[in-house]
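> The lines below spell out each chain.
Number of protein chains: 2
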Amino acid sequence: MPVRPNNNIFYAQSGGVTAVINASACGVIETARQHPELGKVFAGRNGIIGALREELIDTSVVSDATIAELRHTPAGAFGSCRYKLKTIEQNRAEYERLIEVFRAHDIGYFFYNGGGDSQDTANKVAQFSMDMNFPITCIGVPKTVDNDLPITDCCPGFGSVAKYVAVSIREAGLDVASMCESSTKVFVLEVMGRHAGWIAGAAGLAAEQEGDAPHIIVFPEIPFDKTAFLARTKACVDKYGYCAIVVSEGAHYEDGTFLADQGTRDAFGHAQLGGVAPALANMVKDALGYKYHWAVSDYLQRAARHIASGTDVEQAYAMGKAAVEFALAGKNAVMPIVVRENSKPYRWSVGEAKLSDVANVEKKMPRNFITEDGFGITDAAREYFAPLIQGEDYPPYENGLPRFARMQHVLAPKKLPVWK
Amino acid sequence: MPVRPNNNIFYAQSGGVTAVINASACGVIETARQHPELGKVFAGRNGIIGALREELIDTSVVSDATIAELRHTPAGAFGSCRYKLKTIEQNRAEYERLIEVFRAHDIGYFFYNGGGDSQDTANKVAQFSMDMNFPITCIGVPKTVDNDLPITDCCPGFGSVAKYVAVSIREAGLDVASMCESSTKVFVLEVMGRHAGWIAGAAGLAAEQEGDAPHIIVFPEIPFDKTAFLARTKACVDKYGYCAIVVSEGAHYEDGTFLADQGTRDAFGHAQLGGVAPALANMVKDALGYKYHWAVSDYLQRAARHIASGTDVEQAYAMGKAAVEFALAGKNAVMPIVVRENSKPYRWSVGEAKLSDVANVEKKMPRNFITEDGFGITDAAREYFAPLIQGEDYPPYENGLPRFARMQHVLAPKKLPVWK
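One line per chain: the protein sequences are D and A, in this order. In terms of the working numbering, the first sequence is residues 27 to 446. In terms of the working numbering, the second sequence is residues 27 to 446.
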């Protein structure tokens, strides 16, 4: 392949970060370094904002050893952002600025590591850059703990959260089982998932035998039925002595009201934003009188690199690597995906999806993954989830703590006026 | 040593369980099995309640392999309880019942695996049994995530929570750092510790360089100063772009009011029990307007066997082993303890404390472990904490999840009337 004049790469992380998004970055950078026809990899400081501000982190000054450490470093080593480009009609100036920055830094490749919104943006940039007569090869790199991207079998980032929540509810379940005779009888763990219950569902893997935690899963896909929920909770306490519950943050009533919206007010009349876990726990206490405990794992779950899934790390890296290979093969406006070849034994390969097919489509849990009563997962779900949490990819430890990459952000010298 | 007629052992787990209390049980049972002069080890079903109810789990029918698995199984494999015996004057019948059950089952040894209250009980049983002319050898086995027992350098269970919270805040801190440019700027992690800030303090180990998370620790030992706290939070956001906070559940104002007591009421006028993390997060939001996230790890932290400290597991096992050896050496009303010989390199040995010296004394963080401003830990604290989180003692995994012991509770046939 002939060397392009604009053979530098722009890579950006987008949206909520994960335990393995840096493994994708590692895949991009390590693969690019193996190809002399490619130039430098610039990473956007704080994602796409870094391109608009011309804050380009020059990864070429970072040692191979530090780049290798990205594979086991959680969160976004270059910074991410919650910033969605408007449509070209709404804000053409933003797109023009992107092209201007890319042109100024000889950037011919744009790898966007994010979810559905980001792939929509990448797709628009691909089209717009052609219109501007400065074609940029745009390749998506999938990422989201929510696991809600279409076409790909799963999303890098999800498997590690899945493993974290399944391990955590197994451990906490044993704790409650120990205490329930004279103390805590109900435990509620709140997990992420505003629209889709993939994470909550994966926690169900912890239950392998009759009576194992979790006993109840509350999904956003199933409107919350308080009467049925309380009856099930009581039945579990009666039968097993305790009840361990996993609830999606997005759990809601039939009318769309979130369970987390408790309608409480503080001394000044401000609405009090509780989590859904304490809301459910209080509901149980009020109705059934059981002593409870609750946990909200929040960022802990998606940052938990210490218990990352081996499958997830491998796939995250492979997606980054494939993005570079796709670009070198002349592909454009596509995203590598995970294709499941077989579940038992698990075999997967790298496939390809058009960005236009990925953008802005949200994949929810299929109804047949949820048991008929709405509180558990089916065998079909188990078959889907099980391979995704396989393998323990432990980071190295130093002084009892995981040693993560410390990435210096050396910016490429600016060449353009300040962007506003 | 001549074989005593009452050479059976009664072992019980007491109070809140930990990631390594079963490692102590493993130490007791494996060591007892090596001594033919000792009889069966009975474990109280749900702790001391099991003795009162004559529900004695016969561990002699459990395979060596399953007993070995206890070493890596969190929570209380035989059940624990929150039940404190009254004084002998208040409820002599309970003590008489214990002796009656011990006599009926040829039990001459009582190993009580718990905190200060439990050691007080064990001490009383030792004295009472002599008065009853049926002397029982009573040995304590230390346990508590709160790390608040006196004399011993640390308490089994603490090191693993310490490791969990330090790892978690390091990981979540990186997450917030990634997002802070356009999203979350403040993250609050609530950890256990109602009276003592040992756990919160240990989280401080995660900060090794200027700017590392956590930036603020809120201790129960230091009355909460809202003005100083908010000023510090703002200073961190200004300087580092974000602020990661660890707070003890027991954090309180000068007048003793807990931060977690938000004074909120639900639709029915019931007091709403929030966690301290959401309370602090809301305080920051109201005063400074920063977007926040918060997590409450609750049972997850003390059950987190998947990230247990190697030092902690080793010490927990050693305490159980030493309890048996103490008993065989004719000691009574004592507890093995951890003696720190040296910090760098860490060396420790098994020592001994009288139960009467351990009972009902609560060890708080020394003031010189907390920085003068009250929001951090000193070098002295680091030297103390560091060895306790060393080493990763990973459990075995099966299908992507830790494989823990599944303990069948086979009860010894009852010989006495039902206890009420």
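By construction, these hints were calculated from the structure, which means they are not laboratory data. In this text, a Cβ means the ideal position worked out from N, Cα and C, and glycines have one as well. Don't take each hint at face value.
[Unchecked claim] Computed list of lysine to aspartate or glutamate pairs in EDC-like fashion (alpha-carbon distance at most 20 Å, straight line):
#, chain 1, residue 1, chain 2, residue 2
1, D, Lys317, A, Asp287
2, D, Lys357, D, Glu378
3, D, Lys311, A, Asp287
4, A, Lys112, A, Asp90
5, D, Lys441, D, Glu122
6, A, Lys446, D, Glu122
7, A, Lys317, D, Asp287
8, A, Lys370, A, Asp312
9, A, Lys311, D, Asp287
[To be verified] Covered stretches of chain A (chain D as the covering partner; in silico rule of three or more C-beta atoms under 8 Å from a C-beta of chain D):
#, stretch
10, 34 to 47
11, 141 to 148
12, 181 to 195
13, 420 to 431
[To be verified] Partial list, derived from the structure: chain A residues whose beta carbon lies under 8 Å from chain D:
#, residue
14, Ile177
15, Ile415
16, Gln416
> Could you run down the list of hints and mark each one as holding or not?
Against the structure, the hints come out as follows:
no.	hint	verdict
1	Lys317(D) with Asp287(A)	holds (18 Å)
2	Lys357(D) with Glu378(D)	holds (10 Å)
3	Lys311(D) with Asp287(A)	holds (18 Å)
4	Lys112(A) with Asp90(A)	violated (36 Å)
5	Lys441(D) with Glu122(D)	holds (16 Å)
6	Lys446(A) with Glu122(D)	violated (81 Å)
7	Lys317(A) with Asp287(D)	holds (18 Å)
8	Lys370(A) with Asp312(A)	violated (45 Å)
9	Lys311(A) with Asp287(D)	holds (18 Å)
10	34 to 47	holds (count 4)
11	141 to 148	violated (count 0)
12	181 to 195	holds (count 4)
13	420 to 431	holds (count 7)
14	Ile177	violated (24 Å)
15	Ile415	holds (4 Å)
16	Gln416	holds (5 Å)
Checked against the numbered hints given earlier, the structure breaks hints 4, 6, 8, 11 and 14 and satisfies all the rest.
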